[in-house]
Amino acid sequence: MLKTLAKLLRVLNSETEPGQISLGLCFALVAGLTPLWSLHNIVVLFCVLVLRVNLSAFLVSLPVFSAFAYLLDPLFHAIGLPLLTSSSLEPLWTSLYNSTLWRLERFNNSIVMGSLVFSLVAFVPTLLLFNFLIRRYRDHVLAWVQQTRIMQIVKASKLYGAYQSVSRLGGDAL
Amino acid sequence: MKWIRWGGFMAFVLVMAVMAGVWLLVIDGLVERTIEDYGTDLVGARVELAEADLTLIPAGLTLTGLQVTNPDHPMTNAVEVAQIALTLDGLKLFRRQIIVEEMTVEQVQFGTRRKTSGAVAGLPRAPAPGQPTLPDAQFALPAFDVPDVKTILAKENLETLQMVETLKQEIEQEKSKWEQRLKDLPSKKTFAKYRAKIEKLKNGTKGGIGGILGGVAEAQTIKKEIEGELQTIKDAQKDFQTLLPSLKSRIRQIAEAPQADIRRLQDKYSLSPRGLVNLGSGLLGRQVGAWLYQAVAWYETARPIVVRVQQATAKAADAEIAEPVRASGVDIRFAEAEPLPEFLIRRARVSLRLELGDLAGEVQNVTPDQVTLGAPLTFDFSGENLEGVRSVSIKGDLNHVDPENPKNRMNFRSTGYRMSEVALSDQPAWPVALKSGLANVSIRAELRGDALTANLTGNLSSLAVVAGKPGDENPLTRALSSAISGISRLTVETDVSGSIEDYQVAVRSDLDRVMRKAAGRLVQAVSAELHRKLSTAVRKQVSGPIKNLQGSFSGLNGVGGELAKRLTEGNDLLGSLLEQGVSPQQKGIVPRGLPGGFKLPF
Chain V
0 MLKTLAKLLR VLNSETEPGQ ISLGLCFALV AGLTPLWSLH NIVVLFCVLV LRVNLSAFLV
60 SLPVFSAFAY LLDPLFHAIG LPLLTSSSLE PLWTSLYNST LWRLERFNNS IVMGSLVFSL
120 VAFVPTLLLF NFLIRRYRDH VLAWVQQTRI MQIVKASKLY GAYQSVSRLG GDAL
Chain D
0 MKWIRWGGFM AFVLVMAVMA GVWLLVIDGL VERTIEDYGT DLVGARVELA EADLTLIPAG
60 LTLTGLQVTN PDHPMTNAVE VAQIALTLDG LKLFRRQIIV EEMTVEQVQF GTRRKTSGAV
120 AGLPRAPAPG QPTLPDAQFA LPAFDVPDVK TILAKENLET LQMVETLKQE IEQEKSKWEQ
180 RLKDLPSKKT FAKYRAKIEK LKNGTKGGIG GILGGVAEAQ TIKKEIEGEL QTIKDAQKDF
240 QTLLPSLKSR IRQIAEAPQA DIRRLQDKYS LSPRGLVNLG SGLLGRQVGA WLYQAVAWYE
300 TARPIVVRVQ QATAKAADAE IAEPVRASGV DIRFAEAEPL PEFLIRRARV SLRLELGDLA
360 GEVQNVTPDQ VTLGAPLTFD FSGENLEGVR SVSIKGDLNH VDPENPKNRM NFRSTGYRMS
420 EVALSDQPAW PVALKSGLAN VSIRAELRGD ALTANLTGNL SSLAVVAGKP GDENPLTRAL
480 SSAISGISRL TVETDVSGSI EDYQVAVRSD LDRVMRKAAG RLVQAVSAEL HRKLSTAVRK
540 QVSGPIKNLQ GSFSGLNGVG GELAKRLTEG NDLLGSLLEQ GVSPQQKGIV PRGLPGGFKL
600 PF
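Residue numbers (numbering that gives the first Met the number 0), protein chains in the order written: chain V, 0 to 173; chain D, 0 to 601.
By construction, these hints were calculated from the structure, which means they are not laboratory data.
Quick caveat: nothing in here was measured; it's all calculated off a predicted structure.
Glycine is no exception: its CB is placed at the ideal position from the N, C-alpha and C atoms.
Some clues are possibly wrong.
Output of the computed footprint for chain D on chain V, the stretches with three or more beta carbons under 8 angstroms from beta carbons of chain D [as the list claims (entries may be wrong)]:
1) 25-31
2) 77-84
Chain D is nowhere near these chain V residues, computed Cβ spacing over 12 angstroms in every case [what the hints assert, rightly or not]:
3) F45
4) R51
5) P90
6) P124
7) R137
8) V140
9) L141
10) A142
11) I149
12) K157
13) A161
14) S164
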């Protein structure tokens with residue numbers, strides 16, 4: 000049981016390059032800020048599983064971004080509604096509205112539209128930002144974290160031991 | 000490739016498969032819970048579903064054991080359905096449109112008992128159905144008391160007598176007036192005095208011209224005086240002749256007055272044919288009113304739920320939401336190539352299980368958004384060989400395509416409806432019941448907005464009517480009972496107009512004619528007898544006073560005779576004065592005619 004769990008942890012914690020972790024966080028941004036059961040999140044899930052993206056970063060940050068979304072809903076509505084009611088974009092929306100796939104996506108909902116646009120626009124800047132922050136963390140903070148009491152306790156646990164043995168077979172821990 | 004995790008494909012497929020599997024496992028329960036929660040919210044009482052089974056290929060849904068509690072009676076179901084099977088348009092489902100191509104609803108029952116209470120505390124209920132007006136239950140038989148003539152005459156004042164009394168007083172006054180005037184007019188005595196003067200003048204004439212001229216002047220004076228007297232008599236005669244015709248005319252009117260009194264009293268005290276109009280309709284109106292009340296009560300029960308569904312749909316379609324909630328927001332609608340409502344049942348085959356048997360039918364275009372669909376809801380139900388009725392057919396449509404002008408129509412037809420023990424009149428004085436009969440009924444009803452119009456036609460046959468009670472002594476109810484007990488066929492027509500809350504019912508029936516004829520014959524006979532008795536009694540009462548009046552008038556006639564007599568006397572006197580007023584001596588001196596055509600001034 001412990002070994003299985005350790006293997007799972009290894010899988011989750013593979014792909015530890017800063018870019019891979021940042022990508023995981025950005026995909027979580029998209030999935031977290033937009034309504035979870037939207038069609039585009041299947042695309043996000045596919046990307047997260049198929050691309051070499053840090054899964055644990057994705058899974059851990061997803062609920063965090065979801066929590067942020069509750070606070071940002073009025074902003075998303077304020078972005079989505081003008082876009083959907085814009086007369087210059089109406090022909091585009093009308094043709095999408097008559098498509099089953101896009102209706103399934105529920106693009107005509109103000110919050111879906113606003114949150115998707117926001118997260119897509121924020122994707123690249125946050126990717127660069129997370130990249131920068133992760134490198135700074137590794138350079139200046141990681142060593143201190145390794146010395147904390149909590150990390151000592153974690154490292155002393157059996158789970159960590161099993162994780163270490165599995166990791167030695169391939170890949171580095173975070 | 001460095002960035003591709005090949006195992007991720009498998010993981011993705013696995014995740015999707017797991018999600019699909021979970022969805023398939025839970026979807027039935029989810030559908031069941033959704034229907035129960037939404038239905039409970041809508042109705043305001045518990046809606047329960049035994050089982051829901053969603054299939055993907057083809058897209059369909061089967062609901063089993065649906066119970067909708069009656070919010071007013073929580074231990075009773077308003078509707079219970081054994082099974083509902085739907086085939087859905089799968090593609091439209093992805094568009095969040097529930098388009099049911101075909102629906103089969105089996106064994107719909109109303110008013111079934113529940114095992115547990117369906118009340119839900121704290122839930123806002125659908126608005127209470129309106130309270131239609133319960134029809135006035137009593138049929139009123141017109142009062143029929145044969146009046147006593149003596150009592151009538153004791154109570155009533157005859158106008159004839161009043162007229163006689165008035166005229167009599169006037170005649171007496173005139174008589175007094177004329178008696179006084181006659182006293183003031185020249186009489187025999189007066190003319191006797193003139194006659195004496197003339198004699199004196201004749202005999203006392205002196206000789207000579209002076210004497211003759213003096214005599215002529217005096218004769219002239221006498222003549223003038225006589226003429227003056229005659230003029231006053233003539234004036235009086237003229238006045239009297241003016242008075243007489245008007246009195247005669249009034250006496251003629253009085254002679255006709257008893258007839259008017261008789262007519263007036265008869266109109267007041269006899270049962271005229273006008274009082275028998277709509278007797279039959281009044282008898283049938285109560286039962287018709289009760290049926291209408293029931294129909295309106297059913298409509299009022301269904302209406303709040305229909306209104307609530309429409310309001311909920313309108314609210315959902317409204318673009319304005321005050322506070323967008325997570326994953327809620329505002330759905331903007333765009334023009335569709337094939338616009339359809341969000342919920343539509345194109346065709347539903349329904350079988351109803353009623354107390355009288357099974358009805359089967361079809362409902363088309365069920366949707367709360369007829370404006371988008373552009374077509375009204377139509378329904379068509381029928382049943383044959385039911386309990387107590389040979390066949391029943393109900394068709395109609397609910398047209399709310401134009402929300403400003405809603406129009407709901409219904410045609411109902413039933414043949415061979417067996418009636419039994421229908422009470423038409425509960426009056427102890429005259430109970431009437433329809434023991435048995437067959438009815439063919441046709442109803443057309445239309446509700447435009449709040450304005451209701453309806454027409455009911457009923458052809459009743461094989462009737463067995465029981466009317467009246469044993470030992471009934473009232474001739475009217477005996478006559479009516481005899482007339483309607485023999486009826487075997489009947490036609491009833493009812494027109495309804497007004498609003499659902501306040502409607503007026505007008506019932507017509509050939510029972511009116513039957514009852515009017517029966518009662519009319521009786522009324523005519525009684526009326527004729529009353530007329531005969533009234534005529535005799537009134538004439539007896541007025542004959543004496545009229546005779547006295549005529550006697551008074553005759554007395555006044557004497558004045559005319561007296562005036563004529565005095566005038567004749569005066570004229571004779573004047574005539575004799577003119578002929579014999581000159582003495583034999585004066586004859587030779589005073590010729591009758593002077594030469595040159597001059598005449599004497601007398």
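Status of the hints after comparison with the structure:
Residue count for the segment 25-31 of chain V with a Cβ under 8 angstroms from a Cβ of chain D: 0. That is fewer than the three needed, and the coverage hint is violated. Coverage of the segment 77-84 of chain V by chain D holds [criterion: at least 3 residues with CB-CB distance below 8 angstroms; count 4]. Once the 12 angstroms rule is applied to beta carbons, F45 (chain V) is inconsistent with being away from chain D; the minimum gap is 5 angstroms. With a closest Cβ-Cβ approach of about 5 angstroms to chain D, R51 (chain V) is found to fall inside the 12 angstroms limit, against its non-interface label.
Chain D draws P90 (chain V) into its interface by the beta-carbon criterion, the shortest separation being 10 angstroms against a cut-off of 12 angstroms. Non-interface status of P124 (chain V) relative to chain D is upheld: no Cβ of that chain comes within 12 angstroms, the nearest being about 21 angstroms off. Separation of R137 (chain V) from chain D is adequate, the least Cβ-Cβ distance of about 21 angstroms exceeding the 12 angstroms criterion. No Cβ of chain D approaches the Cβ of V140 (chain V) within 12 angstroms, the least distance being about 27 angstroms, so the stated non-interface status holds.
Its beta-carbon lying about 25 angstroms from the closest one in chain D, L141 (chain V) satisfies the requirement of being farther than 12 angstroms from that chain. With 12 angstroms as the threshold on Cβ separation, the claim that A142 (chain V) sits away from chain D holds: the shortest Cβ distance comes to roughly 29 angstroms. The claim that I149 (chain V) is not at the interface with chain D holds, since no C-beta of that chain comes within 12 angstroms of its own (minimum 31 angstroms). At roughly 27 angstroms, the least C-beta separation between K157 (chain V) and chain D is larger than 12 angstroms, which holds for a residue marked as non-interface.
For A161 (chain V), the requirement that its beta carbon stay farther than 12 angstroms from each beta carbon of chain D is met, with the minimum near 21 angstroms. At roughly 21 angstroms from the closest C-beta of chain D, the C-beta of S164 (chain V) stays outside 12 angstroms, upholding its exclusion from the interface.
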